[in-house]
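Colleague: Each chain, written out:
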Amino acid sequence: MAEKSLLVIITESVIEDTIVEEIVALGAKGFTACDARGLGTHGMRTGRWTVGSNVRIEVIGDSSLLERIVAVLQEKYDADYGLLMYTMPVNLRN
Amino acid sequence: MAEKSLLVIITESVIEDTIVEEIVALGAKGFTACDARGLGTHGMRTGRWTVGSNVRIEVIGDSSLLERIVAVLQEKYDADYGLLMYTMPVNLRN
Amino acid sequence: MAEKSLLVIITESVIEDTIVEEIVALGAKGFTACDARGLGTHGMRTGRWTVGSNVRIEVIGDSSLLERIVAVLQEKYDADYGLLMYTMPVNLRN
Amino acid sequence: MSFEPVVLFFLLGVIAGLARSDLKIPSAIYEALSIYLLLAIGLKGGVKLAEYPMATLLLTSLFVVAAGALIPLAAFPALRYLGRMSRADAASIAAHYGSVSVVTFSVAATFLEQHAMAYEGHMIVYLVLLEFPALILGVLLARFGTSEQTRWDRLLREVFFGKSILLLIGGLVIGYIAGPQSIAPLDKFFFDLFKGVLAFFLLEMGLVAASRIADLRRYGAFLVGFAVVVPILSALLGVFLARMLDLSEGGAVLLATLYASASYIAAPTAMRIAVPEANPALSIGASLGVTFPFNIFLGIPLYWWMAERIYAGG
Amino acid sequence: MSFEPVVLFFLLGVIAGLARSDLKIPSAIYEALSIYLLLAIGLKGGVKLAEYPMATLLLTSLFVVAAGALIPLAAFPALRYLGRMSRADAASIAAHYGSVSVVTFSVAATFLEQHAMAYEGHMIVYLVLLEFPALILGVLLARFGTSEQTRWDRLLREVFFGKSILLLIGGLVIGYIAGPQSIAPLDKFFFDLFKGVLAFFLLEMGLVAASRIADLRRYGAFLVGFAVVVPILSALLGVFLARMLDLSEGGAVLLATLYASASYIAAPTAMRIAVPEANPALSIGASLGVTFPFNIFLGIPLYWWMAERIYAGG
Amino acid sequence: MSFEPVVLFFLLGVIAGLARSDLKIPSAIYEALSIYLLLAIGLKGGVKLAEYPMATLLLTSLFVVAAGALIPLAAFPALRYLGRMSRADAASIAAHYGSVSVVTFSVAATFLEQHAMAYEGHMIVYLVLLEFPALILGVLLARFGTSEQTRWDRLLREVFFGKSILLLIGGLVIGYIAGPQSIAPLDKFFFDLFKGVLAFFLLEMGLVAASRIADLRRYGAFLVGFAVVVPILSALLGVFLARMLDLSEGGAVLLATLYASASYIAAPTAMRIAVPEANPALSIGASLGVTFPFNIFLGIPLYWWMAERIYAGG
Ligand SMILES: Nc1ncnc2c1ncn2[C@@H]1O[C@H](COP(=O)(O)O)[C@@H](O)[C@H]1O
Ligand SMILES: Nc1ncnc2c1ncn2[C@@H]1O[C@H](COP(=O)(O)O)[C@@H](O)[C@H]1O
Ligand SMILES: Nc1ncnc2c1ncn2[C@@H]1O[C@H](COP(=O)(O)O)[C@@H](O)[C@H]1O
Ligand code: NA
Ligand code: NA
Ligand code: NA
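These protein sequences, in sequence, are chains A, B, C, D, E and F.
For the first sequence, counting from 1, position 55 maps to 55 in this note's numbering; every step adds exactly one.
For the second sequence, counting from 1, position 92 maps to 1092 in this note's numbering; every step adds exactly one.
For the third sequence, counting from 1, position 58 maps to 2058 in this note's numbering; every step adds exactly one.
For the fourth sequence, counting from 1, position 205 maps to 3205 in this note's numbering; every step adds exactly one.
For the fifth sequence, counting from 1, position 148 maps to 4148 in this note's numbering; every step adds exactly one.
For the sixth sequence, counting from 1, position 83 maps to 5083 in this note's numbering; every step adds exactly one.
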């Protein structure tokens, strides 16, 4: 039972592959993604058509890794894309 | 890195639009929704056909906002619809 | 507002039904499942075709229940299947 | 009377469901198939609509809708007092049985076509008109004398702009405006494939019906009896009305089937929103788990036989 | 000039969207329909390709692409200086209008077929060739004189291996290699169902367009005017070029429609990746909310009329 | 020997996959297409089943299944001792190659039809019967002499009520009961569209195969050699058996193709459940990444040539 952090990234589906590449390049050993829809400062995103749909990505790792990911994504994508990130401590069980 | 709360609402897809209207009317600035299936006191919901499918909605906000949402949804929908709500503190990162 | 724990299980879709049977047999009163894709020690799982797709299962319950579930799944499925489990405390709101 | 193979796809679905097969029709596909069926039926009706004088159609429609309203009005007290159900449950089930099933109608039409038996093209107008009054009646029955509030705005939007009505009426209007010539290039998609899509849809309905059969045991004999007897009585009403309105024998079979059928697309959603305290497992279990299979396997041949007897006796 | 019913499905979708109906085309279905349409158009063109001498085709293609490039090059300053838009927004919108719409093209082709009006089979080659140069031009316009970096690798992959181009070219090549005889057994799937699938697709486009109409009010009259005037001018260019290249009158209508149409499949994705600081609501609102309906309801008949006048005057 | 264009759709998918295109067939569509193909093949076989005396069919089936069982029994020791694979991996791969591929069979049948070459309608019965014994053999091979427990209940449910077998047998029975006349109205859906749906499906298989090619490099030359040599030897067995059973030359090509093909729908799921310690990347990589393309591009023409030689030599 290891104490780790969980980072949840909600962003536009159109950049899912790019974000995944960044995460892996920064050292994440894994991630989990789901299709999503939602509302935010970029308006309503109904989940229909590629440009109107969101993805919810979870990454579990050490806080230092997650800090690096947060910093890079914030700098490169926050201005131009719908993006929400939050973290919380979790107990990894296997 | 702001301390916020996360509210997760799991309910019936058939009232997704209604719930979203309530949330926004109560002051939420955003939400994220995913299709889901599951089991609870209302029996098995296989995620097939509209009346048998669930939705999982996440709202990030101040605890006071989330308290208000919880109170309203509990009063108006808990008796008649499948509904599960839980909250936890999170660190908003952007 | 009851203090409970949340267990998140990410595993292969092909054993979703089996895992759900285990969870229910161990005493869980409910669960919520979503389709997912991801990367882990078992390689990239693109979410296409049954054998290449993941499921994300949430269970809310007492920590003792969740401990039992974690122990059983770890013993029976961790060696052969893609499996990730983590827990965290949550406030159940209804 | 020969045999209609599409109903075997329903059986196959039931078997798969009971055997807990991993066969699943993805919900996106189910949605697409139902959109297709609703649009195709609407178009078919619309194209034929021009063949009938509008005034006659309006008049007969009035009779069809008024007589159809008797079904939920009679079903409600039966459910409430004989079945000892809660007001909400009785009202919701009554609404399901007052409304109609597009797939049952399609199976009956296929059946008639296979036996080269003619029917009036405007039956589809009755299908559309019967779909919603029962839903409104159901809500009135549920709310009569109670203080519960109804989300009427949501209900009316659901009823009139719910996909079911919207696609049926949309197809009807498009078919009517465009006419047979302009619709012809769409025939290969909307008409030629119809029966195959219906087979696929029945497979999915079998899968879902199988999951409802377990529920039924819990709700008991009364509801199962109700789900067989009410359709037969409703069908009888349909045949007599058809005779009165001078419809063809094929038309009588279809009107009987419409009255006998119970909704499981429009009604469940509308009732879940407007009468949420009703238990959806009861109404869907009865309509999809009992009435639907009863109708497609035994009901339709029975209604045909009824029509033959009553028309011969006329 | 008679009437083409498929556009009514678009209207039905708009009505459903504005009425906030629960009608939804699942995104998996939308994806499948668009793959079908792109492949089918490619195959259709590929089969006909063999009928034309390759050298002529290459030469005329050069003219078609070069003249087509004028559209974004003229649209950009108009948007930037008359419309006072940001460089990125102006460039992105220009790219959308320089590129083409496969569905608009299909509606125009259906329209011609309904009126038994012939057109050159290689129009589809122009469709493919016009799809992407504008996207690259758009990025150049957005970046010219700025220090912003472009993810060129991602953009080029998006442009050349984006599903839109890939399926069009893939279909074209398969159709060309296989030839009419070998493709014949596929006709029932790819050609006979084409118009029905198009109707389904238009329904979904109507639903999405309805959700864009609200956006437009916020962006104002200039953009709406732009979304009507630019297509008409582009169509004029198309008709004159067609005349010059000695295309048939049907070919002129199609080339006009290609120039007049704006992309909403390939361009939004490509621009979102390559020019992310542009607001996608502006470009999609204009192309899907205004230009697309304008083209299918009024534009195509208008371009036909223009072709008739200019060809008669020749 | 002319050319079958559906295989080009597989190539297009591979190119899209290798180029990392954004082209994706949504999994709901993939599921629907596979349900369609399995049902359609079953129906086709069922309709033709009545043409053959049941007793002969039972007898020949026995031979076909018994000879087919030789394939996994010979493959297992080859994988285990020549390939130095773990017991579980060897057993799982053997099961994949003992089972059959519905799509490969369909491509071969299309190929024969294109060349107007007749074959026995009951080949489809062999397809059904060959699908599952190898899966059970695979589990026995994996467990023989080990203490590992098998979830036999889950496996048997998976094998007999897995969607693959269920739809094939379901279609077979429906087609047989209904007969050609009653099935005729379903032809436009299940038979006319078959080849188009197959093309779509091959596109998706190409996309998935592309993602498997990288894996293969890791598993090395032995597995790639195995994935080419075993099909050829199995095909040879098929042709000889066909000759012995007095099947037509077309039937020989199909039986050879069945033996040569490896499963990637039923087997991966069944093995993942029953032999979870086997690495699925190995078996799917070999069957989908090597054997499937080998069969549709080179294998089928080769097996035909083999059949011609052996039948001529008879
Ligand atoms: N307060 C919130 N709670 C939950 N999800 C949110 C919230 N705000 C934004 N999101 C999600 O993040 C996406 C991008 O947000 P934004 O960058 O604000 O447009 C939205 O489309 C939502 O899915
Ligand atoms: N213990 C639980 N853990 C996780 N999800 C649950 C739990 N109980 C209920 N749910 C979810 O909440 C939905 C509604 O619950 P209920 O109101 O109990 O029927 C269910 O369909 C599940 O998706
Ligand atoms: N570090 C991680 N963060 C988030 N999800 C992960 C992580 N590692 C694994 N997963 C998920 O768990 C699944 C199984 O993991 P594994 O057993 O490592 O193959 C993967 O396919 C991912 O969906
Ligand atoms: Na009824
Ligand atoms: Na254009
Ligand atoms: Na084989």
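Since the hints were derived computationally from the structure, they do not count as laboratory data.
One should not assume that every hint holds.
Claimed, not checked - With the Cβ distance kept under 7 Å, some of the chain A side facing chain C (calculated, not the full set):
#, residue
1, 30
2, 31
3, 33
4, 34
5, 53
6, 74
7, 76
8, 90
9, 91
10, 92
Computed from a predicted structure; not experimentally measured.
Each residue gets a CB set at the ideal place from its N, CA and C atoms; glycine is no exception.
Colleague: It remains to establish, for every hint, whether it holds in the given structure.
Modeller: So, going through the hints one by one against the coordinates:
For residue 30 of chain A, the interface hint holds, since its Cβ comes within 7 Å of a Cβ in chain C; the closest pair sits about 4 Å apart. At a threshold of 7 Å, the smallest CB-CB gap from residue 31 of chain A to chain C is about 6 Å, leaving the interface hint in force. For the restraint placing residue 33 of chain A at the interface with chain C, the shortest Cβ-Cβ distance is roughly 5 Å, inside the 7 Å limit, so the hint holds. This hint holds: residue 34 of chain A has a C-beta 5 Å from the nearest C-beta of chain C, less than the 7 Å allowed.
Given hint, residue 53 of chain A at the interface with chain C, is violated; its Cβ is 14 Å from that chain's nearest Cβ, farther than 7 Å. For residue 74 of chain A, the interface hint is violated, the least distance from its beta-carbon to any beta-carbon of chain C being 22 Å, above 7 Å. The beta carbon of residue 76 of chain A is not positioned within 7 Å of any beta carbon in chain C (closest approach about 20 Å), and the interface hint is therefore violated. Hint status for residue 90 of chain A: holds, given a least beta-carbon distance of 4 Å to chain C, under 7 Å.
Contact between residue 91 of chain A and chain C, as hinted, is supported at the beta carbon level, the nearest pair being about 5 Å apart and thus within 7 Å. Restraint check, residue 92 of chain A versus chain C: the minimum CB separation of about 5 Å is within 7 Å; hint holds.
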